[in-house]
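> Sequence:
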Amino acid sequence: MNIYAIRAIYLFEMARTWRTLLQSIVSPVISTSLYFVVFGAAIGAHMTAIDGVSYGAYIVPGLVMLSLLTQSISNASFGIYFPKFVGTIYEILSAPVSAFEIVAGYVGAAASKSIILGLIILVTARLFVTFEIAHPLWMLAFLVLTALTFSLFGFIIGIWADNFEKLQLVPLLIVTPLTFLGGSFYSIHMLPPFWQKVTLFNPVVYLISGFRWSFYGVSDVSLGISVGMTLVFLGACLALVWWIFRSGYRLKT
Numbered sequence: 001m002n003i004y005a006i007r008a009i010y011l012f013e014m015a016r017t018w019r020t021l022l023q024s025i026v027s028p029v030i031s032t033s034l035y036f037v038v039f040g041a042a043i044g045a046h047m048t049a050i051d052g053v054s055y056g057a058y059i060v061p062g063l064v065m066l067s068l069l070t071q072s073i074s075n076a077s078f079g080i081y082f083p084k085f086v087g088t089i090y091e092i093l094s095a096p097v098s099a100f101e102i103v104a105g106y107v108g109a110a111a112s113k114s115i116i117l118g119l120i121i122l123v124t125a126r127l128f129v130t131f132e133i134a135h136p137l138w139m140l141a142f143l144v145l146t147a148l149t150f151s152l153f154g155f156i157i158g159i160w161a162d163n164f165e166k167l168q169l170v171p172l173l174i175v176t177p178l179t180f181l182g183g184s185f186y187s188i189h190m191l192p193p194f195w196q197k198v199t200l201f202n203p204v205v206y207l208i209s210g211f212r213w214s215f216y217g218v219s220d221v222s223l224g225i226s227v228g229m230t231l232v233f234l235g236a237c238l239a240l241v242w243w244i245f246r247s248g249y250r251l252k253t
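Quick note on UniProt numbering: the sequence shown kicks off at 1 and runs consecutively.
Simulated from the structure, these hints should not be mistaken for lab results. Misleading hints may appear alongside valid ones.
FRET-style restraints, in silico, Cβ to Cβ [unchecked claim]:
(1) Phe164 with Phe201: 27 to 33 Å
(2) Trp242 with Val37: 42 to 48 Å
(3) Ala49 with Leu200: 20 to 26 Å
(4) Phe201 with Val123: 29 to 35 Å
The C-beta atom is built at its ideal place from N, Cα and C for all residues, glycine as well.
Let the sequences and hints guide you as you build the complete structure.
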């Protein structure tokens, strides 16, 4: 394994983040802060507690997860698509770098950006609402696993997309709606029985539920199921990436 190649790709992608700090970090933090102001401080003050947790605090894990999912996909998909768009991908293809090393570099950088962003949003949330993290190690585990899973998913989208419209298609039309309907702002137990069952087909429910459990010890589904489903998603994305390269696919425009 070429550690130097992984390190070079990783550092290049991380350097791009610092060059575009306003877009990569500041903008998502400000957008999420507006949710805390509106739903946490303003509306939350007039909402009843959910499972013994104030509404403002209850939505913190959901909002962090919302930013984590969208940014993981965006960072990874744009990271691999842009070299294809400008033609610099051929520099990587002509170098002695394997598919695994390319994936490790790009996905590792995208996941790192998302984790940093998620932690910054957590710190920012304390300015608006009061909350505690009951299980910090579990919180970090869910944060890392989710960032890796959806960075892999974003990498797949970046490989598949051949224009900027396709690059935004899946995140805007599928991932964001699923996140909003996955219990970011409410407990699925507040829904009628039929819709509770329908919601269980939404994979994001398990991610948000497990992440919220790490904060308050309450969740819509059991911790074991949340962890299991998260690992299933991660394994599915790894298998799909492996199949893409195994089938002879080449990173080119």
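> Check each numbered hint from earlier against the structure, then list the numbers of those it violates in ascending order.
none
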